[in-house]
Amino acid sequence: MLPKLFHITPSGAAGILFAAFAFFVVPTLAGSLWLSVFTSMGCFTLAIAGVAFMYARLGMVSLTQVGLMGVGGWVMLRLNHGFALPFEVNLVIAGLATMVLGWVLALPALRLRGLYLALVTLMAAGGLEIILSTFQFPNGGSGFWGVQTGSGAGFRRPALAQSPEAYLRYVVAMVTLAFLFIELHRRLAPGRAWALIRRSEAAAMAAGVNVTFYKAWAFGISGLLAGGAGALLAGSLGLLDGGTFRASESVMLFALAVVGGARFWLGAVIAAALFRVLPALLNNWGVDADLSFVIFGAGLLHAVITAPNGIAGQITEFFAGLSHKLSNKLGLVPSTVIEGSADD
Amino acid sequence: MIEVQNVTVRFGGVVALDGVETQFANPVSGIIGPNGAGKTTLMNVVSGFVAAQNGQIVKDNQNLMGLAPYKRAHWGLRRSFQKEEIADDLTVAENVLVQVDHSTLTSAHKSKDVARVLEIVGMAEQADRPGARLNSFERRLTDVAKCLVGDPKLIMFDEPAGGLSVEETARLGDLILEIHARTGAQTLVIDHDVDLIARICSETLVLDFGRKIAFGPTAEVLSDPKVKAAYLGTEDI
Chain A
1 MLPKLFHITP SGAAGILFAA FAFFVVPTLA GSLWLSVFTS MGCFTLAIAG
51 VAFMYARLGM VSLTQVGLMG VGGWVMLRLN HGFALPFEVN LVIAGLATMV
101 LGWVLALPAL RLRGLYLALV TLMAAGGLEI ILSTFQFPNG GSGFWGVQTG
151 SGAGFRRPAL AQSPEAYLRY VVAMVTLAFL FIELHRRLAP GRAWALIRRS
201 EAAAMAAGVN VTFYKAWAFG ISGLLAGGAG ALLAGSLGLL DGGTFRASES
251 VMLFALAVVG GARFWLGAVI AAALFRVLPA LLNNWGVDAD LSFVIFGAGL
301 LHAVITAPNG IAGQITEFFA GLSHKLSNKL GLVPSTVIEG SADD
Chain B
1 MIEVQNVTVR FGGVVALDGV ETQFANPVSG IIGPNGAGKT TLMNVVSGFV
51 AAQNGQIVKD NQNLMGLAPY KRAHWGLRRS FQKEEIADDL TVAENVLVQV
101 DHSTLTSAHK SKDVARVLEI VGMAEQADRP GARLNSFERR LTDVAKCLVG
151 DPKLIMFDEP AGGLSVEETA RLGDLILEIH ARTGAQTLVI DHDVDLIARI
201 CSETLVLDFG RKIAFGPTAE VLSDPKVKAA YLGTEDI
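So the protein lines, in turn, are chains A and B. Under the UniProt record's numbering, the first residue of the first sequence is numbered 1, with each subsequent residue one higher. Under the UniProt record's numbering, the first residue of the second sequence is numbered 1, with each subsequent residue one higher.
Pulled out of the complex, with its shape left as it was, chain B reads as follows (with noise of 0.2 angstroms):
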């Protein structure tokens, strides 16, 4: 269960999230809204990038605000970015190994988690190749075995569709919904491609103007004419 209590964020003048409260409880849930809706800076809250004015982040009775951000991933914490944020000069393993370097674990149990979730991603055969010669859709997958690796509590996937094709939208699609199996871990997906939010995500929340406008089930929140109106400009709401 992901609690997010009563967060607030202003940015000077600009309210960017007003008073956000929700739960997710399902395996897979997404976050939706119109451009600056605020889907990006609460995931940043979650992260601990940007600083909330008021309210908490609650997981699993672990609140995550009174830990710096390099301190919530060694909880568990693992999050991709907009753009893929791979190392050119790290090899596909090193990049993932990044991940888990700060744990306890020998050598040989962090290296045989690396060779695991490169399996599972399907980036195994590429492990030694430098992250400058991977194509966009090999760096994404190099993403996401890094918020595989280890031993993750709560995966935060921002717009990663973002730039790629059906078939790999698709593919990226059926690893997200294999992640709670494989890891236990809670997933939160920021999309607009709605297709994917639809089919992977249980629950969704709808942001507009950083307020929750909307929560629930992915299909009944779709279809409710509040956020229709949000993305599309309509009038007669």
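Bound conformation, chain A alone (with noise of 0.2 angstroms):
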């Protein structure tokens, strides 16, 4: 009758194959350009998954991702220079005090939708970049704010992961996680929940929903992820700089998740191969990295105007009617990829 929790959709078992050729071959195979490319582009898959779990499941616009990476990182940074706690221990707390922060944007942001909600979470990253940009990230220096002049202090990594491979596979198994984390949501109440909120927040409400916790927790999850993708940035760099995390870097994000797919794990993933790697590339082959802008702007045209679900809802489907010819010509029932529209 009902689904059960703990099942594997092939969506799902696409993910799991997907990060283990992240784990194992990618680190294996990048040089050290490379695995800081990706280390990159795995903390900005972390972020672009809460903006775009924000998105599916709730329709909710948040603009503010960017500067609440920020701010993870700036958590990050101040309890690896202040204190000598284990890196985890600054990971999740930097998350959880982002999350709260996310907590108390949102409050003012629960009673506004569409684009009234999105003018005042990039109005909040607005207000995000000036502090960061004022005050700085802390780099060993004395004080709160933790800014000193000249070269800053180490950066102390995780004891499991010191070298740059082993960091990006410490990257890959914390999106891993989250992914799994927002998974393991939307099958349980908190999922069904929002499933009803972005249908209608009247039939969410006579069905016994609590509209603003709900949101409220939404927000809270996505803030979690923000804080600790800028937390795990914090550690593939050492060091951050407040022109990484523009407002305007929110947008972007914000737009690359809809042409990833946000409904999809593969659109966070292709939205941060966009944002990442794509520059990099363009500047290894000599190009102007802004060209990427173009190439975003073209991919947006593509996702309003053909792709609602994004280039990984193309590819989704695009499988889903391969595995249906396959089974009709071997005469298996067809598979439900697309029927089971709850196999994101």
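Bear in mind the hints are in silico, worked out from the structure with no lab data behind them. Please note that a few of the clues may not be correct.
[Stated by the list, open to error] Examples of chain A residues lying across from chain B (beta carbon under 7 angstroms, computed):
id, residue
1, Gly127
2, Leu184
3, Arg187
4, Ala189
5, Arg192
6, Ala195
7, Leu196
8, Ser200
9, Ala202
10, Ala203
11, Met205
12, Ala207
13, Gly208
14, Asn210
If you're wondering where the values come from, they're calculated on a predicted model, not measured in any experiment. Each residue gets a CB set at the ideal place from its N, CA and C atoms; glycine is no exception.
Please assemble the complex out of the two chains, which come individually in their own frames, going by the hints.
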């Protein structure tokens, strides 16, 4: 009757295979530059997963994500330079602190929807950009802000992941855990509540759903993922710069989440690849990396006009069609990849 | 017994409900009236979606006015909307399960209850189908199942027969008539289908321009000249 909590969908199986490939194969093949690019891509996959989850599950547009990443990164650097706690503890604290900030920012925004919510969250991102640019990121200095001129103090990476290869694996593992965390929510009461809220808030309330609570919960998860992403990025680079967390980047991140396909794990991966790998590729080929903005624009037009489920949606439909044809040919029962829209 | 006590709702200068007062005592009661009469507004007041300037809604000694809309659902209020509100990416069973997700019952109990109500409405076979793949009658039946699940005390249907065929409307009417015996809940039905109201509602409230113009046994109410005038615009009353 009701779907089992623990079951693997075709999309989930593909995700696990992809994660295994990214964990075992990619770090062994990539050079130092690409290790850094792929690690950064992993961090942004986490942040995009948060913004895409809000949009796909609740229809809410949050444009604060990169600002929240900055907050997570700030907390991670502050803890790293101020205390001798293990990396994992710092990571959890950074994620939780950003989650709380996400809730605080969400409180006035919870009554808003659509364009108004997007504008309020964008303004919050603008505020965070100013704060982060003004006070900069801790680099081992004294005092609350912890900023010193000249070269900063060293950053302690996780004991398990001292080398760039190991750190990429660490990030891949964290991103995989984050996707599983989102999927777990989707299969439980919060996921059902969010689906109904997206359908109609009145219908959700009539079904006994505390709309404010579940919206705040979603903001919190999105903040948690953004904070974790910022903290992991800080671990990758060892230091952060205010210019990385501009409000405009949040807009870009959201647009790419739509291009990639907000409903699918693959969509977040594609969006992060476009955001981080494509400019690096263009640079590598001697082409101006700003060309990537033209490609992003074309991709967005493509998504808006022909692919409402993004590139990942098109890939999923392609494989579902292929599976259907193969099943027919072999006389098997057709796959239900498309029918089971819950199998994202 | 559902007591509607002197309920008044104003939207700016428009009086949507003007001191409406009535008591529904029968298992299935109807609310009818021309468009703009205030029927859905009254249902929205009971649901908590519209705040009344004055008045109380009391059911089984519970004043609903002090409860948030979702808490009214927890208490046992169920309602369907003019358009079936089924989440496309949830299965039929999951759509029904949402209604009891807040409950402290075990998952096994909830699952059993969901299966029971889907059996009642005839949707057990489609339990695993996503909402996106249901036709409008199946969506309406899923809506009815949502109203039956858990421990409903008051169920409200807002134009449930809209867009349904004669056969589907008859099946829906049968289901609504079974509700009290199966759950003990009282049901309020708004519909423009007077035949459906006449068949399933023992008593009916008639609203016009936010005011109660008639209330009583449905057959008597429907033959009331004031009601005919409100519906047909007859001038010789």
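Would the stated hint for A:Gly208 survive a check requiring a Cβ distance to chain B of less than 7 angstroms?
-> holds (3 angstroms)
Evaluation of the interface hint that places A:Leu184 against chain B, nearest CB under 7 angstroms = violated (15 angstroms)
Close enough to count: is the Cβ of A:Asn210 nearer than 7 angstroms to one in chain B?
-> holds (5 angstroms)
Answer holds if the nearest beta-carbon of chain B is closer than 7 angstroms to that of A:Ala195; otherwise answer violated.
-> Holds, about 4 angstroms.
Verify the interface restraint on A:Arg187: the C-beta must sit less than 7 angstroms from at least one C-beta of chain B.
-> Since the shortest Cβ distance to chain B is 9 angstroms, the answer is violated.
Hinted contact A:Leu196 with chain B - closest CB pair below 7 angstroms | holds (5 angstroms)
Would you check whether A:Ala189 satisfies its interface hint, that is, whether its CB is within less than 7 angstroms of any CB in chain B?
-> holds (4 angstroms)
Tell me if A:Ala202 is really an interface residue toward chain B, meaning its C-beta lies closer than 7 angstroms to one of theirs.
-> holds (6 angstroms)
Should the hint that A:Met205 touches chain B count as held when the rule is a Cβ pair under 7 angstroms?
-> holds (4 angstroms)
Hinted contact A:Arg192 with chain B - closest CB pair below 7 angstroms = holds (5 angstroms)
Status of the hint placing A:Gly127 at chain B (closest C-beta pair under 7 angstroms) = Since the shortest Cβ distance to chain B is 31 angstroms, the answer is violated.
Was the hint right that A:Ala207 lines chain B, CB cutoff 7 angstroms?
-> holds (5 angstroms)
Going through the hint list in order, the structure does not satisfy hints 1, 2 and 3.
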